[in-house]
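A.B. asks: Listed below are the residues making up each chain.
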Amino acid sequence: MYTGKQRAPSGTDRSEKRFNTILAGSGLLIVLLLLAIFATLLLTALPAVKEFGVFFFTGREWDATTETFGALPFLAGTLLTSFLALVISIPFSIAISIFLGEYFKAGAVSTFLRSAVEVLAGIPSVIYGLWGLFFLMPAVRFLEVKLGVAPHGVGILTSSLILAIMIIPFSASIGREVITLVPGDLKEAAYSLGATRFEVIGNIVIPYARSGIIAGILLALGRAIGETMAVTMLIGNSNFLPTSIFSPANTMASIIANEFAEATGVTAASLIYVALVLFLVTMVVNIIGTYVIQKISVEASREVS
Amino acid sequence: MSGIFSKALSLMAVVLALVCFATDAPALDMELLGAGATFPQPLYSKMFDAYNQQYKVKINYQGIGSGGGINQLIRKTVDFGGTDAFMAAKELQAAGAPVLHIPTCLGAVVVTYNLPGNPKLNFTPDAVAGIFLGKITKWNDPKIASANPGVKLPDLPVSAVHRADGSGTTYIFSEYLTKVSREWKEKIGTGKSLNWPASQIGQKGNPGVAGYVKQTPGAVGYVELLYAIQNRMPYGNIKNRAGRFIEPTLKSVSAAANVKIPDDTNVSLTDTEAAAGYPISGFTWLIFYKEQNYGGKAKDRAEALAKLLLWMVGDGQRYVEPLEYAPLSKEAAAKANKLVRSMTYNGTPLMK
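Line by line, the protein sequences are chains B and F. If you count the first sequence from 1, position 109 lands on 109 in our numbering, and the numbers rise without skipping. If you count the second sequence from 1, position 64 lands on 369 in our numbering, and the numbers rise without skipping.
Hints were generated in silico from the structure; no laboratory data involved. Predicted model only: the values in this text are computed from it and were never measured. Every residue, glycine too, gets a C-beta built ideally from N, C-alpha and C. Careful, some of the hints might be misleading.
Just so you have them, the derived chain B footprint on chain F, three or more residues with Cβ under 8 Å [unchecked claim]:
#, segment
1, 367-379
2, 441-453
3, 488-501
4, 590-599
Ranges of calculated distance between the beta carbons of each label pair, as one might list FRET restraints [stated by the list, open to error]:
#, chain 1, residue 1, chain 2, residue 2, range
5, B, Leu-143, F, Lys-556, 52 to 58 Å
6, B, Glu-67, F, Glu-336, 42 to 48 Å
7, B, Thr-65, F, Lys-556, 30 to 36 Å
Quick list of in silico lysine to aspartate or glutamate cross-link-like pairs, DMTMM-like style, CA-CA up to 20 Å [unchecked claim]:
#, chain 1, residue 1, chain 2, residue 2
8, F, Lys-519, B, Glu-144
9, F, Lys-490, B, Glu-67
10, F, Lys-492, B, Glu-144
11, F, Lys-395, B, Glu-67
12, B, Lys-187, B, Glu-102
My request is simple: use the sequences and hints to build the entire structure.
C.D. replies: Below is the structure:
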């Protein structure tokens with residue numbers, strides 16, 4: 001808000017200062033918000049924290065009628081579905097990034113595919129859930145009948161598949177972005193040495209873009225961990241430790257969404273405790289992610305240069 | 306803090322004040338607030354709309370679930386709550402002052418399934434408990450077959466599905482099973498959300514359960530009668546205490562309430578002795594404080610609430626049946642009327 005009243009030199013100085021203050025204030029606000037969320041969760045979860053302590057992480061029982069609560073099944077469910085989804089999504093997202101970033105950089109096909117990926121990222125998760133219920137569930141059920149396991153149709157595998165589809169656009173569009181940023185000089189140098197396209201991709205493009213690709217994958221993991229609606233519809237909501245990838249299970253986000261509306265007293269506090277755990281897990285994943293990206297980008301710059 | 310920042314802040318304060326003022330103005334009109342059970346929400350919407358047209362009192366009811374309704378009432382953020390389960394002793398204690406319950410209509414829970422041809426099935430209480438305990442695993446199990454002579458049951462695995470979200474539906478269903486099955490009582494018990502047998506599927510809401518049942522041959526779940534009727538889902542007859550297989554209808558559900566109703570209307574309508582009654586039925590209640598002078602509530606607001614409640618268990622009952630809910634019996638309506646008339650403001654009765 002430069003009003004023009006100030007004289008030029010000191011005015012610039014002052015507006016510079018104001019700008020800095022606003023920036024610092026906004027930065028501080030984010031940190032405060034994070035702390036406030038953490039404090040609220042901790043405070044409201046306190047009755048459950050007092051009652052179950054650290055055993056909450058190892059408790060396998062979730063029983064509202066006897067008020068015994070343990071979060072292990074949900075912790076396991078969240079981590080299992082997210083990482084399985086990540087493993088399923090990686091080959092596809094890398095393939096799409098290379099395809100759009102290296103082979104079809106421009107033109108109608110590229111634009112069409114790119115917007116298709118973006119549309120995929122924008123579809124609300126309840127629609128993924130419905131699609132999963134009407135298409136993926138019968139398909140997995142068919143597979144389960146063929147394999148001779150209990151034909152639930154829903155469970156770890158079904159949710160991982162839907163999560164994989166949901167997170168591919170995220171890692172793919174970031175991957176494409178960083179692949180297009182690989183300097184042309186580097187690639188041309190490699191071509192001039194007689195490298196094939198495959199060799200250029202394997203030796204130049206991927207190493208150079210590695211940190212960006214991994215950052216995209218980690219961002220996708222963050223989304224998978226917190227995803228609620230689609231998973232609730234397809235995981236089977238069984239509050240027990242899964243015994244195989246076909247068994248129904250439950251995730252942290254899903255149990256909160258399911259039970260919070262009707263919960264009172266210790267049950268509600270325990271659900272908030274689950275939210276606290278989810279908050280911490282997301283934070284740990286993010287910290288690990290930042291660390292990995294830093295480490296890899298240092299290595300990559302050393303390798304390429 | 307530098308100038309621009311404080312300027313921005315004061316601007317924000319002005320905007321905030323304007324917003325507050327703007328939202329304050331319509332609150333001068335009477336608007337009663339309610340929240341709670343989702344099951345009677347379509348009925349309440351209809352009733353409140355009709356009441357508003359006739360008496361010019363706005364009522365805002367949010368379907369956030371029975372537990373939410375109880376919480377909001379205890380926190381005194383609403384004038385009344387809605388619940389499918391009578392408040393537990395603990396919750397009544399947390400309320401701090403006496404809370405009254407009045408029934409507004411009846412609901413029922415039905416067992417729905419997906420079998421080839423969807424024949425009408427009869428279920429004994431044993432069969433229902435066995436299915437949801439995970440003990441009956443095939444549809445041609447003698448426990449199901451013996452109650453259904455003439456129906457050829459397939460050799461399909463039984464895939465039972467329950468409500469994963471806490472719900473009054475689960476409460477009524479489990480309360481019924483606790484009464485009729487000793488094993489259920491010991492292993493699972495009664496509640497809005499339960500510790501279900503391992504590897505049994507749960508789905509969110511009536512639509513979730515219904516969707517799973519429709520998609521899975523051999524699936525069996527429980528949903529509200531109203532929901533099953535509206536979605537044309539098949540559902541079974543249940544054997545009641547009198548030994549008759551009863552089809553769930555508005556009539557048989559209302560009939561379940563033909564028992565003695567206590568003065569506080571705290572009565573379970575599952576497995577009642579009524580010979581023509583469907584055994585998995587229950588009231589849905591509205592809850593409110595007996596003494597209305599709390600939290601700075603004006604007397605005319607309390608009076609408006611009392612009038613609305615009287616209308617709902619009186620004149621308003623004519624909206625119940627067209628929306629396929631089961632209406633209150635005369636006795637239940639009379640008890641509810643008496644309860645509303647016991648509401649006080651500063652200790653003096655609100656209604657004469």
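A.B. asks: Does each hint fit the structure? Answer for all of them.
C.D. replies: So, going through the hints one by one against the coordinates:
Only residues whose beta carbon comes within less than 8 Å of a beta carbon in chain B count, and the segment 367-379 of chain F has 7; three or more means the coverage holds. Interface restraint, the segment 441-453 of chain F with chain B: violated (0 residues with C-beta to C-beta distance below 8 Å; minimum three). Interface restraint, the segment 488-501 of chain F with chain B: holds (9 residues with C-beta to C-beta distance below 8 Å; minimum three). A count of 0 residues in the segment 590-599 of chain F with a Cβ less than 8 Å from any Cβ of chain B is obtained; the coverage claim is therefore unmet, three being the minimum.
For the pair Leu-143 of chain B and Lys-556 of chain F, the beta carbons lie near 45 Å from each other, so the given range of 52 to 58 Å is not met. Checking the proposed 42 to 48 Å range against Glu-67 of chain B and Glu-336 of chain F shows it is violated: the Cβ atoms sit about 37 Å from each other. For the pair Thr-65 of chain B and Lys-556 of chain F, the supplied restraint of 30 to 36 Å holds, since their beta-carbon distance comes to about 33 Å. Taking the CA atoms of Lys-519 of chain F and Glu-144 of chain B, the gap is near 18 Å; set against the 20 Å cutoff, the hint holds.
Between the alpha carbons of Lys-490 of chain F and Glu-67 of chain B the distance comes to roughly 16 Å, so the proposed pair stays at or under 20 Å and holds. Between Lys-492 of chain F and Glu-144 of chain B the alpha-carbon distance is near 29 Å, which puts this suggested pair outside the 20 Å criterion. For the hint linking Lys-395 of chain F to Glu-67 of chain B, the alpha-carbon distance of about 13 Å falls within 20 Å, and the restraint holds. Simply put, Lys-187 of chain B and Glu-102 of chain B have alpha-carbon atoms about 11 Å apart, close enough for the 20 Å limit, and the pair holds.
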